[in-house]
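Participant: With these hints in hand, go ahead and build the complete structure from the sequences.
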Amino acid sequence: MYQAFIFDLDGTLVDSSRAISAAMTAWCQRHDLDLERALQVCQGTRTEDFVAEFAPHLHVEQEVKHIEALENEYLDFVEPLVGAEAFVHSLAGGQWGIATSGPYDIAFPRLMKGNLPVPRVLVTAEMVSRGKPHPEPYLLACEQLGVDAQEVLVFEDSDAGIESALSAGCDVVAVGYAHSVSRDRLVANITDYAGLSVQNTERLILNGLSE
0 MYQAFIFDLD
10 GTLVDSSRAI
20 SAAMTAWCQR
30 HDLDLERALQ
40 VCQGTRTEDF
50 VAEFAPHLHV
60 EQEVKHIEAL
70 ENEYLDFVEP
80 LVGAEAFVHS
90 LAGGQWGIAT
100 SGPYDIAFPR
110 LMKGNLPVPR
120 VLVTAEMVSR
130 GKPHPEPYLL
140 ACEQLGVDAQ
150 EVLVFEDSDA
160 GIESALSAGC
170 DVVAVGYAHS
180 VSRDRLVANI
190 TDYAGLSVQN
200 TERLILNGLS
210 E
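Note that numbering that gives the first Met the number 0 has the sequence shown beginning at 0, numbered continuously upward.
Since no wrong hints were added, every one of them can be taken at face value.
List time: in silico SDA-like cross-link candidates among lysine to any residue, alpha-carbon distance up to 25 Å: (1) Lys64 - Glu78; (2) Lys64 - Ala54; (3) Lys64 - His133; (4) Lys112 - Gly93; (5) Lys64 - Leu121; (6) Lys64 - Ala51; (7) Lys64 - Ser20; (8) Lys112 - Thr24; (9) Lys112 - Asn71; (10) Lys64 - Leu74; (11) Lys112 - His65; (12) Lys112 - Leu74; (13) Lys112 - Tyr73; (14) Lys64 - Val127; (15) Lys64 - Tyr103; (16) Lys112 - Asp75; (17) Lys112 - Ala85; (18) Lys64 - Pro132; (19) Lys112 - Val81; (20) Lys64 - Val117; (21) Lys112 - Ala68; (22) Lys112 - Ala21; (23) Lys64 - Thr123; (24) Lys112 - Leu69.
Each pair of labels, with its calculated beta carbon distance range: (25) His30 - Ser89: 40 to 48 Å; (26) Glu35 - Asn71: 17 to 25 Å; (27) Ala68 - Asp191: 27 to 35 Å; (28) Asp33 - Lys64: 20 to 28 Å; (29) Arg29 - Ile204: 43 to 51 Å.
Honestly, the hints are just simulated from the structure, not real lab data.
We treat Cβ as the ideally placed atom computed from N, Cα and C, and that holds for glycine.
Facilitator: Structure representation (structure tokens):
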């Protein structure tokens with residue numbers, strides 16, 4: 000039983016993998032960079048942290064703007080995960096939030112494209128000084144929801160995001176199988192939200208998880 004759920008966005012509520020891949024392909028071709036490694040390094044992290052680590056010889060702020068512009072060019076490639084829309088709509092406004100590594104200007108259009116509501120608590124890249132895997136994004140989301148991290152269940156898809164949530168003290172359901180976190184550190188591992196439901200009492204009870 001939990002007081003609130005917090006979700007990552009990309010790969011967790013929406014499938015933006017095609018948009019990210021297309022943007023990274025164009026960006027890597029422009030700078031003659033390794034696309035496969037870029038896709039690995041960027042997963043779950045803020046764009047500025049990715050550029051600083053992956054291509055420190057480039058101007059970080061300039062490249063962040065370029066990458067994010069490319070990602071919005073491919074917005075039509077974004078779609079909601081199965082069952083995500085119904086699942087989040089079943090939650091009251093004060094019971095859930097989002098903590099994403101993306102900036103607001105990317106997160107908001109992707110929520111709209113996925114027919115997903117904008118939660119009262121939406122933590123985006125520009126709101127934190129340290130991105131995932133640091134716990135700050137999830138700690139801030141918990142603070143804004145007014146709940147203790149130990150009373151929160153997080154839905155995440157990436158290694159960086161899962162480590163961020165666990166370090167904050169939250170329980171975690173992994174979405175998809177792109178991560179490398181051991182199963183014993185997770186509440187569950189799901190493919191999508193099909194079959195999941197929430198019992199809304201004073202505390203949230205998640206039904207439909209298979210062990």
